[in-house]
Amino acid sequence: MLGTANFGILPIRSTMERAPANGPVIDFRDVAYTLPNGRPLLHDLNLQVQPGETLILLGRSGSGKTTTLKLVNRLLNPSAGEIRVNGALTAVSDVIRLRRGIGYVIQDVGLFPHLKVERNIGLVPRIEGWPSERIRSRIEELLRLVGLDPQIASRYPHQLSGGQRQRVGVARALAVDPPILLMDEPFGALDALTRDQLQREFLSLQQRLQKTVVFVTHDLREALRLGSRIALMEAGCLVTVLSPLEFLQSADPLAAAYVKAFGGGLDSVVNRGTS
Amino acid sequence: MNVVHYFLQNHEEILELTLQHLWLVGISTLFAVLIGIPLGILSAHWPVWNKPVLGTANIIQTIPSLALFGFLLPVPWIGARSDRLAILALSLYALLPIIRNTYTGIRGVDPFVVEAGRGMGLTDRQLLFQVELPLAVSVILSGVRVAVVVSVGLATIAAAIGAGGLGEFIFRGLAMVNNELILAGAIPAAILALSADFGLGWVERRLRPR
Chain V
2 MLGTANFGIL PIRSTMERAP ANGPVIDFRD VAYTLPNGRP LLHDLNLQVQ PGETLILLGR
62 SGSGKTTTLK LVNRLLNPSA GEIRVNGALT AVSDVIRLRR GIGYVIQDVG LFPHLKVERN
122 IGLVPRIEGW PSERIRSRIE ELLRLVGLDP QIASRYPHQL SGGQRQRVGV ARALAVDPPI
182 LLMDEPFGAL DALTRDQLQR EFLSLQQRLQ KTVVFVTHDL REALRLGSRI ALMEAGCLVT
242 VLSPLEFLQS ADPLAAAYVK AFGGGLDSVV NRGTS
Chain E
243 MNVVHYFLQN HEEILELTLQ HLWLVGISTL FAVLIGIPLG ILSAHWPVWN KPVLGTANII
303 QTIPSLALFG FLLPVPWIGA RSDRLAILAL SLYALLPIIR NTYTGIRGVD PFVVEAGRGM
363 GLTDRQLLFQ VELPLAVSVI LSGVRVAVVV SVGLATIAAA IGAGGLGEFI FRGLAMVNNE
423 LILAGAIPAA ILALSADFGL GWVERRLRPR
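Chains as they are written, first to last, in the numbering used here: chain V, 2 to 276; chain E, 243 to 452.
Keep in mind the hints are simulated off the structure, nothing from the lab. This structure is a prediction, so every number in the text was calculated from the model and none was measured. Where is the CB? At the ideal position from N, CA and C, for every residue including glycine. One or more of the hints may lead you astray.
What the hints assert, rightly or not - Listed below are the simulated DMTMM-like cross-link pairs for lysine to aspartate or glutamate, each with C-alpha atoms no more than 20 Å apart in a straight line:
1. V/Lys117 to E/Asp352
2. V/Lys212 to V/Glu186
3. V/Lys212 to V/Glu202
4. V/Lys117 to V/Glu129
5. V/Lys71 to V/Asp31
6. V/Lys117 to V/Glu134
7. V/Lys71 to E/Asp366
8. V/Lys117 to E/Glu357
9. V/Lys71 to V/Asp109
10. V/Lys71 to E/Glu357
11. V/Lys71 to E/Asp352
12. V/Lys117 to V/Glu141
13. V/Lys117 to V/Asp150
Stated by the list, open to error - Here are some of the chain E residues that sit facing chain V, going by a computed Cβ distance under 8 Å:
14. Phe354
15. Val355
16. Glu357
17. Ala358
18. Arg360
19. Gly361
20. Met362
21. Gly363
22. Thr365
23. Gln368
24. Val373
25. Pro376
26. Leu377
Kindly generate the complete structure, drawing on both the sequences and the hints.
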């Protein structure tokens with residue numbers, strides 16, 4: 002398998018312990034999330050994310066995808082049930098350590114506008130006390146990895162294009178080489194051409210890095226193309242979890258409705274599990 | 243031409259009182275910054291503090307300055323010396339714009355940027371010092387600028403309680419119905435206010451995030 006090759010580009014130096022042999026990396030058990038005002042956003046969620054897979058959370062706005070994602074790095078805390086990351090209960094683990102072991106990429110990128118690209122990427126390594134020489138070489142390595150010219154390091158975010166900013170966002174999330182990546186519609190705000198290019202790069206990057214990725218999108222085409230499995234969500238419930246090929250042939254009415262809505266040509270984009 | 247003549251003749255005293263004026267404004271602004279910025283951060287992060295903090299600062303602002311000097315007179319230690327009294331009163335007046343702008347500046351930071359920082363594993367303290375304050379700094383500074391400009395004017399009233407400063411000339415001039423004396427206080431005070439406004443405005447523009 003291509004996917005197991007490391008190409009010597011990124012030494013595996015995980016900041017978190019690996020999951021106990023073959024267990025799920027992320028494990029949701031009977032999880033619910035209710036807003037303080039009593040409105041339920043998510044209920045009865047049971048979901049396991051396996052090491053090295055790209056799990057897509059697919060659904061429309063308000064279906065609970067982003068809520069699910071934020072429960073992993075404890076930007077939200079569950080109202081009921083429990084979540085384990087690498088076998089450890091998130092509720093009792095050190096939240097700062099937990100988050101530094103999980104890369105987080107959002108649609109609006111959230112780059113720090115007052116910091117140059119190099120400081121954006123180097124922020125967490127710096128806080129973690131890496132020597133500056135190592136930070137510098139890591140920044141250069143990461144910029145090349147996401148297909149950017151290392152010269153860009155001395156620019157400010159406002160001097161970059163949307164696609165460049167999103168790449169820097171990915172590089173920043175990878176800075177301390179976390180084994181898990183959470184991505185919330187990372188390519189949603191980009192034009193079609195740039196999005197296509199970044200999706201292609203995501204696939205090749207994922208083949209090399211073998212991160213465990215949870216990826217939120219409402220775009221079926223993107224889900225089929227990037228996902229190892231697709232978790233379909235609707236109104237705070239997990240409807241079903243299917244591989245991209247299964248999804249296209251599914252008899253589930255909601256899955257079928259998605260396939261119909263996105264029309265033809267979906268077969269050609271499907272991720273057939275080369276990784 | 244009388245005014246110019248007067249300025250030349252009394253330049254030593256004018257200089258001395260200008261420096262005294264600057265000292266009153268400078269020290270009181272320093273205190274107001276040291277107290278106002280933490281209070282602004284407090285009310286931005288814990289909304290329950292917002293109303294009491296801003297409300298109190300608002301009420302202080304509505305007290306006429308002469309009355310405030312009078313209120314503070316019986317306070318032990320503070321009331322014993324007029325310059326302490328003047329500095330306390332000026333600090334209290336300077337609080338409101340500084341608290342309000344700190345609050346506005348921090349609340350104005352893009353929530354996605356804050357969330358990204360939190361998701362990356364920054365602690366609250368790291369988030370405050372490395373993200374929120376640097377992004378709010380120009381708004382906070384514009385509050386300081388307003389406070390300084392207002393203080394330069396208010397500090398002239400401090401002369402009424404014998405705290406010195408350029409108000410000395412103004413009160414003396416009023417008592418003696420002497421326009422040159424009034425202008426000897428008013429002109430340097432106006433120059434101080436304008437240059438503080440210009441200088442801090444320049445720094446503020448330099449620090450504004452793009």
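Verification of the hints:
1. V/Lys117 to E/Asp352: 17 Å, holds
2. V/Lys212 to V/Glu186: 17 Å, holds
3. V/Lys212 to V/Glu202: 14 Å, holds
4. V/Lys117 to V/Glu129: 19 Å, holds
5. V/Lys71 to V/Asp31: 16 Å, holds
6. V/Lys117 to V/Glu134: Given pair lysine 117 of chain V, glutamate 134 of chain V holds - Cα atoms ~17 Å apart, limit 20 Å.
7. V/Lys71 to E/Asp366: Given pair lysine 71 of chain V, aspartate 366 of chain E holds - Cα atoms ~18 Å apart, limit 20 Å.
8. V/Lys117 to E/Glu357: With Cα atoms ~19 Å apart, lysine 117 of chain V and glutamate 357 of chain E stay inside 20 Å; holds.
9. V/Lys71 to V/Asp109: Holds. Lysine 71 of chain V to aspartate 109 of chain V sits at ~15 Å (cutoff 20 Å).
10. V/Lys71 to E/Glu357: 10 Å, holds
11. V/Lys71 to E/Asp352: 18 Å, holds
12. V/Lys117 to V/Glu141: 14 Å, holds
13. V/Lys117 to V/Asp150: 14 Å, holds
14. Phe354: 4 Å, holds
15. Val355: Nearest chain V Cβ about 5 Å off; hint holds.
16. Glu357: 6 Å, holds
17. Ala358: 3 Å, holds
18. Arg360: It holds, given that the least Cβ distance between arginine 360 of chain E and chain V is near 6 Å, below 8 Å.
19. Gly361: Status holds, d = 4 Å.
20. Met362: This interface hint holds because 6 Å falls under the 8 Å limit.
21. Gly363: At about 3 Å, which falls below the 8 Å cut-off, the nearest Cβ of chain V leaves the hint on glycine 363 of chain E intact, so it holds.
22. Thr365: 6 Å, holds
23. Gln368: Hint on glutamine 368 of chain E: holds, closest Cβ of chain V at ~6 Å, below 8 Å.
24. Val373: Status holds, d = 6 Å.
25. Pro376: 5 Å, holds
26. Leu377: Since the shortest Cβ distance to chain V is 6 Å, the answer is holds.
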